[in-house]
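Student: In case you want the letters, here they are:
2 protein chains.
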Amino acid sequence: MTNIHPQRRRGRPPKDASGQNETRQQLVRAGVELLTEAGYSSTGLDAILKRVQIPKGSFYHYFKSKEAFGEALIENYNSFFKAKLSKHLQVLPQQPLQGFYNFVDDAIAGLEKYNFRRGCLVGNLGQELYTLPAHYRQLLNDVFSEWQKLVADYLAAEQKLGHISDKCDCQQQAALFWTGWEGAVLHAKLQQSAEPVRQFSDYFAAILQN
Amino acid sequence: MTNIHPQRRRGRPPKDASGQNETRQQLVRAGVELLTEAGYSSTGLDAILKRVQIPKGSFYHYFKSKEAFGEALIENYNSFFKAKLSKHLQVLPQQPLQGFYNFVDDAIAGLEKYNFRRGCLVGNLGQELYTLPAHYRQLLNDVFSEWQKLVADYLAAEQKLGHISDKCDCQQQAALFWTGWEGAVLHAKLQQSAEPVRQFSDYFAAILQN
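Protein chains in written order, with my numbering: chain A, 81 to 290; chain D, 81 to 290.
Warning: the hint list may mix true and false statements.
Note that identical chains are pooled: a pair holds if it fits in a single copy or bridges any two copies.
With a cut-off of at most 20 Å between alpha-carbon atoms, the simulated EDC-like pairs for lysine to aspartate or glutamate come out as follows [as the list claims (entries may be wrong)]:
1) K229 <-> E275
2) K247 <-> D282
3) K193 <-> E226
Source of the hints: derived by calculation from the structure; they are not laboratory data.
Based on the provided sequences and hints, a complete structural model is requested.
Tutor: Quick look at the structure:
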């Protein structure tokens, strides 16, 4: 690591049209990719820098530490995943739980695209919790709370249309969904097959409609 | 690392009464403890040797590499966990699913004992699969198959006594159990609470009886 950050001395680097610096975006993208495969502890900064072909000095222009970088990755992954959930979890009057299945199909396509190498960043970080900076625990719980709220709101809307049982406690079902989902993604990686995710999703949907 | 293994030159070290060498057992115990907290990639041999206070040369007397050591840890954890499952998953004629709840209660006591720092070794390794030796994937799948069989056999016995629904596909339910279980343990660690494990277990049991 060098103590000199040349770019800093020349002021902030140019921004692209979206107002986000392209190098920063590249770093975050590479970080998410590597961490969803290998986890935080075993992913060195060098591997990330090598992937995006930028010098260490530039990294420290954007992030003051690996810890701060990890926070940015969690934030980025959360935004990406919430957008995905919101896009798919739409209630369609004539098609009970179609939004749920749209999400599941999209997630399975994502797993298959990367040959089941990439899991869920938040699930991965949760597993290696005690090697992470202590305050990540709260960040990860907050992420799950947000995802849980999106699913609970969706289920409540499906319930209003009579698509799922009146007896369902939508908050509780949403919590159970994420519990099962993280386990299903783990088993999909192990078996290199979408079957555990498909099986869990069908099971979950059947219970909602019982 | 030294190339000389002094103990090897003096022949195998003495065995204890159980026929297992005490030093080897200490190494395996420390390895399981550290890996259930931190995972394989971020646990260096040095940390394990420091915990059991033995020199690196002695380690290489028992294990030819970290990879071989990891295999021994998976084997050891599997034996330990199968014994736990077999002990608890007993069918009691007057008490539907009592064996299941005995297992859940014991697992929760284990999580609480270590302040939710320790998860499931096999689940942890599954999350960091792509940083592990390639053949570990099959080892981990084999472990889950064995656990799944124990649960499926137990459920079939409960079904025979009329304790769970005739409609249950016991094999499928057993697979779903381990999917949900690994996710529930992850969420318990994140929330530092047994609630996700308890909630998932109650949900699973209720569905079996529906």
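Student: Of the numbered hints stated earlier in the document, which are not met by this structure?
Tutor: Of the numbered hints given earlier, the structure breaks just one, which is hint 3.
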